[in-house]
Amino acid sequence: MKSRKERFKSQLISFSFLLPYLIVAVVFSFLPIAVVVWLSFQRGSLLDLSSLHGAGFANFAAVFTKSLYMKSILNSLFYIVVILPFGQFIALTLAFLLFRKNKVNAVFESILFLPLVVSMVSASIMISYVLSTNGPVNYLLAEVGLPGILWFSDPVLAKLAVVILELWKGSMFYVFIYMAALRGVPSDYIDAARIDGAAKWQEIVLIKLPLIKHIILLCVVLSTIAQSQMFDSIFVLTKGGPLRSSESIYFAIYRAAFLDDQIGISAAIAILLMLAVLAISIFQMTVLRSRHES
Amino acid sequence: MKKAAFILLVVILTMGVLSACSSDSAKKGSGSGKDGDVTLTFWKALDADNEEEIWAELIRKFEQAHPNIHVQFLATPWDGWQEKYTSAFAGSNPPDVSYMSEYLIKFAHAGKLHELDSFMSDSEKNRFSKTAIDNGTVNGKLYGVPFIAETSLMFYNKDIFEKEGIAIPQTWDELRAAAKKATKGPDQWGIGGLDILNTISFMVQSGANLFNKEGTSLGFNNPEGIRGLQFMEDLVKRDKVAPPIDFYSSPEQELDAFFKGKIAMMPGSIAFVNSIKTNAPNLQYGAFPAPAGPAEDAGAARALYSGIGLLSIAKASKHPAEAYEFIKFVIDPDNADLFFEPTGFFSALPEANETLFQGDPVMEMAKKSIQTMFVYPASESFAKAIDIVTQMREAVLRNVKTPEQAIKDAAKEFDSTQK
Amino acid sequence: MTTRRIVSCLKYGVLGTAAGLVLVPFWLLTVSSFRNTTSLLSYPPKLWPNDGSLSNYMTLFESKQYHFLNWLLNSVIVSGTSTALVLVTSALAGYAFAKRSFIGQKVLFVLVLSTLMVPGIVTLLPAYLIVDWLGWTNTYTGLIVPAIPSAFGVFLLTQFIRTIPKEIEESARLDGCGEYKTFWKIIFPMTTSALAVLAIFNFLGNWGELLWPLITVSEEKMKTLTLGIAGMKTRHAQTSGEMMAATFLSFIPLFILFLFAREKFIEGVTVGAVKE
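Chains as they are written, first to last, in the UniProt record's numbering: chain A, 1 to 294; chain B, 1 to 419; chain C, 1 to 276.
It is worth saying that the hints were derived from the structure and are not from the lab. The reader is advised that the hints may include incorrect statements.
Unchecked claim - Straight line, CA to CA, 27 Å or less: simulated DSS-like cross-link-like pairs of lysine-lysine:
id, chain 1, residue 1, chain 2, residue 2
1, C, 185, A, 101
2, B, 408, B, 384
3, A, 208, C, 99
4, C, 181, A, 9
5, B, 277, B, 163
6, A, 5, C, 181
7, B, 163, B, 181
8, C, 221, B, 61
9, B, 401, A, 66
10, B, 412, A, 239
11, A, 5, C, 106
12, B, 367, B, 277
13, B, 412, B, 384
14, A, 213, C, 166
15, A, 5, C, 185
16, A, 101, C, 11
17, B, 125, B, 318
18, A, 213, C, 185
19, B, 408, A, 239
20, B, 368, B, 125
21, B, 240, B, 184
22, B, 141, B, 130
23, A, 213, C, 99
24, B, 181, B, 240
25, C, 166, A, 5
26, A, 66, B, 408
27, A, 239, B, 237
28, C, 185, A, 9
29, C, 11, A, 213
30, C, 11, A, 208
31, B, 163, B, 184
32, B, 315, B, 130
33, C, 11, A, 103
What the hints assert, rightly or not - Derived list of chain B stretches under chain A, where covered just means 3 residues or more per stretch with a C-beta under 8 Å from a C-beta of chain A:
id, segment
34, 75-88
35, 241-250
36, 387-400
37, 408-417
The C-beta atom is built at its ideal place from N, Cα and C for all residues, glycine as well.
If we strip away everything but chain A, and leave its shape as in the complex, we get (with noise of 0.2 Å):
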């Protein structure tokens, strides 16, 4: 039993190890988050901070009642719930597939670093480039005979091409995570399920997906939040459209901030936005986490 010093010495050399994050982090995090936080509350424009006055729930209010906002809010819940299960099935297919170190897998592990060191923006010309009407996936189609695909005029086709390009990009974020997981699983668990016979299949499902659960929480919530944030992608590919059809939320917070001059509303959206995938997260956590217990 630690008596009290023990353990008020202890509380200090934690903080201390937070220290360093903490000082840069309450300036420049959460500082900014609380006056976000503040503005969601006030009606007016930044340019004049001076006209910025209480306005309650107002903005609030507004998010739910405009019907602008309620089709991006759609399209955003429908990106998570495609991209999620999808990029991570890809990503863990492939960390499985590359983490051992060996000559071949280093080559196929440098090609598929390439998305990476890209911009998004970068990324998005790419692949815009790749689907256009007159690019390379409609010339082979067109070789083999088969019509081209239009994925920028129709709505469904158009969230199509964003999630292709959010898992192009994307999913290699996680085969690199996933690698790093799998390389630092302990080598003797493995050797003692294959000295108990485990067959591979066993061996992946039984033995290293729990070890990396952690990771794989780590990857699910990361997944999340980043959905919950597209736009780069979206903006240069679609524009959003056609007719809004493959806006993000944040669309609908730059529109309010900057084209309807309502940094309120704003804020407000974000404020809403942060504390749903809050939750989500606060939910995957809890699932994961009873899972594996068990």
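Given chain A, put chains B and C in place with the hints provided.
Here is chains B and C on its own, set in the frame of chain A:
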């Protein structure tokens, strides 16, 4: 413990060194150097390819004439324009001089710009056209000096016109007929480039406007507006003389088609001329004023996008007088050849254009249009209106809404966001 | 044995497809960096720049307009320094969250996580005003310091450190290691693969950032590389040969970083073993 302290020390030292390094460049920002030396910051987004070099030359000349004033030019990207200028003006260090067009009014309303009536006398104001000065005037006070005038013309491919025996169209009906004659085969179109600004132009030619006079609501929610939008829709869908919305994957591709002689007519601003000369030096092109629509006002009937770019001074600027000196230098007709000929724009000062672009038939024709140029009423909600028109045009061209429905919805959306 | 062959075939089939899908857009980008502007978008798409030259690349270095080398240096300094500091702060904080207990731990962790969930665009202006008030606009400090707190880094390190078995710490304590020694000598070296991942992602993310440098920098020579390239777009030319060339050149330092960090991946494998 030692290691933690060591790391902390490294961190502090690094930050110290960095602050020292960077304060040198910070000092170069707006401010005064040694006794009376003034540094001005000037921001503009680039309209032309070699514009940075042109400004370097202009600034060099200015600094020679004014040895105690130094001008620092920053080319701001078009991407993120709103974020950049909004944050700069909300903060403590906005640019002394900045170039603005339709967004001037937003910053003026927020009290971020210096009023210029104290610098510019009435006689000086009269050198400009009333349209130009009005464009920079908000609530009766002048906040921007007109600098660039950009007008538009209908460009056309001379070879196609000659081959098909097409005469220059003067009215909407003649335009339709000409386009029909010029449309042949799978990808030769009579008219192209019917983008957002040109959609608005058709509505103006029909008698409507982008905004009402006060700039508080959309000005095309009326039969004239519907008629204009309908005309454009017909060109694409009924007459099939203009490419459907997804025919080209990007506006650049459509421009490329014009360069390659696949589109007979294309409305474009005068900046288009330089583009043609660079990309399609062998193209036989010409231009004519837009064919007249049914609007009662003669100027409106032939309206195509026209804009005025203005130079403003920030309210927070520490050197408004020197800033105005710079602006005066920039708009001076003596310097017109340094800026306007290379970039392909007109000066908002009519007298400065007389010596420019001599011998270029297209530009000479465009010069005549400066005095009668049609500019939208100023509104804080310009960006919003453009966003709404974009959706409206797409809805019509994708057969989702009729012109009447699209316009009604556009007006509804606009009004719902007004404070 | 046939099963193995089939599995092997499948495996390389999948990998090959993935690699191909990744490579093709890049190849097209590279090709277009050698060609001049108008023919960039021709149809059918070109696989080889037989109408190209090095002129785009020359313009980048020679023209007075483009300060390519300045931009490159700025990006290296800003991204390098901020990433180094992110690694340190995140590892320290991650350890605290993963292995220690203190008052307000859960609440603080949720708070940190929630900073990730607010879209950057809303915090952009408030953050700018703070930096402006501090007088850090247009300085390296203003570009680096706000980039140091990385909730992503803290989250990543926390989760990775959680996977380290308790036994390791306990055996270190038994050996007489103090609190800080346990961290630096035992835990920290075990996080190398996570740190390598964080280093790469943070560097890349920071390198490609546009909005923050855009509003913080007000001088041509202070621009970061990404910002500089974005400024190359004029109203009429959305893409150009020079832009493609600049983009292509900007990949090289990033790729070098990756090759360098890959070494750390391999180290992580051997260090992860549980000492029995």
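> Which of the listed hints are not met by the structure?
Replying inline: Per hint list: zero violations.
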